[in-house]
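> Using our numbering, read the sequence shown as starting at 6 and increasing by one per residue.
Take the hints with a grain of salt, since some may be wrong.
Ranges of calculated distance between the beta carbons of each label pair, as one might list FRET restraints [claimed, not checked]:
#, residue 1, residue 2, range
1, Pro269, Asp247, 18 to 26 Å
2, Asp73, Asp20, 22 to 30 Å
3, Ile396, Pro269, 34 to 42 Å
4, Asp247, His194, 27 to 35 Å
5, Thr123, Ser377, 44 to 52 Å
In short, the hints are calculated from the structure, not lab data.
Every residue, glycine too, gets a C-beta built ideally from N, C-alpha and C.
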Amino acid sequence: MTDSQTHRALRASADVVVLGAGPAGLVLGNLLLAAGIDCVILERAPSSRVRTRARAGFFAPNTVRILDGHGLADGLHQYGRPHGTCEFRTPEGRFRLDYGALGRGERHHVYPQQHLVTDLLRHYLARGGRIHFSTEALAVHDTGTARPGLTARDPEGRTVQWTARYVAGCDGRHGAARRSLPMATVHHHDHGVTWLGLLAQAPASLDAVGYALHDRGFAGHMARTPEVTRYYLQWQRGDAADAWPAQRIWDELDIRMHAPEYGPLIRGTLLERGLFDLACDVVEPLRHGALFLAGDAASVPAPAAAKGANLAVLEAEILAEALVDALTRADTRGLDAYSDRCLAYIWRAQEFTGWMTRLLHAPPEGDADAGSFFQAARRRSRIASLRTSRIHQDWFAENYVGV
6 MTDSQTHRAL
16 RASADVVVLG
26 AGPAGLVLGN
36 LLLAAGIDCV
46 ILERAPSSRV
56 RTRARAGFFA
66 PNTVRILDGH
76 GLADGLHQYG
86 RPHGTCEFRT
96 PEGRFRLDYG
106 ALGRGERHHV
116 YPQQHLVTDL
126 LRHYLARGGR
136 IHFSTEALAV
146 HDTGTARPGL
156 TARDPEGRTV
166 QWTARYVAGC
176 DGRHGAARRS
186 LPMATVHHHD
196 HGVTWLGLLA
206 QAPASLDAVG
216 YALHDRGFAG
226 HMARTPEVTR
236 YYLQWQRGDA
246 ADAWPAQRIW
256 DELDIRMHAP
266 EYGPLIRGTL
276 LERGLFDLAC
286 DVVEPLRHGA
296 LFLAGDAASV
306 PAPAAAKGAN
316 LAVLEAEILA
326 EALVDALTRA
336 DTRGLDAYSD
346 RCLAYIWRAQ
356 EFTGWMTRLL
366 HAPPEGDADA
376 GSFFQAARRR
386 SRIASLRTSR
396 IHQDWFAENY
406 VGV
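Full structure from sequences and hints, please.
Shown next, in the form of C-alpha cells:
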C-alpha cells in the first residue's frame, strides 16, 4: 500500500457516526439505516464481547413496542418470556404483587440483554450496516461546526480521523462522547450501597422477581433463562467480589431470602460475579452542537429498577426520528427538543429508582440515619403500605414497568 493509499484509508466519513454497539447504538443504527441514512458504528470491544456481555434483561412494554414497530423484536418474542409478578420477603412476612394486573395492566419481557444485542446486530448487518469492532473512539471535536470530527484508534493501533454531520454518543459514562463535552453538568448521587451480582447455573427458585429485606442486608432473585438465575447480595463496599467462597454466598442468600420460612433456593455453579455501586448520574444538556448523548452516556440509573436499557432504547428512537428529519427534510426541531424531551423521562426514572433503593435498603453505614429506629420504622411503613394499599400498588406498577 502506498503512502497516499494509507492516508486515504485512515480518513473516513458518514452522515452519522454512532459510538457504541449496545442497545442504544444498535437500535439507532437500525432505524437510521431503515430510513436510508448513511451511518457507521464504532465499538471499542471485539465482536465476541459485544455478543456475550451480560446485562439486565427486563424490558418494559414501551421498549417492546418500539422494537416491534421497527421489526426488531423477533428473538424477544420467540425466546423471551412475559413476566408480571414480584414477591417481597421481609422479617414481618411476605407478599406478592401481580403488577401485570395493576396500574396500566402491563408486564415486562424477560430476555437476556446480550441476546437482544445479538439480534439487533444481526438486523443491522443484514441491512448492510457498517460497524468497526475493536475500534476505540478517543475524542470528538469541532462539535459546533457543520462537520464535526472524531479521532479513533483502529484494531491495528492506527489513528483514524472520521468526519460526520452528527455524532451519537452511545458509549457509556466513561466513553469518548462524555470526555469530549465542551460544557455540561453531570449530576451525581451515590446511594452508598453496593451489590454483588451473581449469575448462577440454576433454575429459578421462585416464579417471581424476589426482593428480600433482612437485617443483614438486601438480597434479590431474578430469573434470566430456564437454566440461569441472577442473584444480588448487598455487599460491603471495598470487599472484592471473590472475597467469599460459593458455599458462604449460597448460605447467606438462604438467610436473607428467608429460605427457612419459604423454601430453599436451588443451588448451582456461580458462573459470574460482579460488583455494582448503586450510584447514578445525569448529564445536562444531552446535546452539544452536533454531538448527542444516549444510553449510559446520557444517564446511569442505579440498577434497582432495571431502567437503563429501557431508557436507552427510548432515547435511540427519539434521536433517530430527529436525525432523519434533519438529514432528509432539513427540519431540526426534533434535534432542538431532544435533550429536554429525554431528560423528562430520565428524571422520572431516576426518581422511581431512588424510591426503590430506599425501599430495599436501610441507610448505609456512615449515613447520618444509619441504625435509626425512626428510619427503620418508616421503611416498614412503606412496605406495609405497598402490601395493603391498592392506590400505592397501582402507582408502583405504573412506575415499575414504565419509562
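> Now look at each hint and say whether the structure bears it out.
Right, here's what the structure says about each hint:
no.: 1; hint: Pro269 / Asp247: 18 to 26 Å; verdict: 24 Å, holds
no.: 2; hint: Asp73 / Asp20: 22 to 30 Å; verdict: 27 Å, holds
no.: 3; hint: Ile396 / Pro269: 34 to 42 Å; verdict: 36 Å, holds
no.: 4; hint: Asp247 / His194: 27 to 35 Å; verdict: 28 Å, holds
no.: 5; hint: Thr123 / Ser377: 44 to 52 Å; verdict: 47 Å, holds
Consistency note: the structure conflicts with none of the earlier hints.
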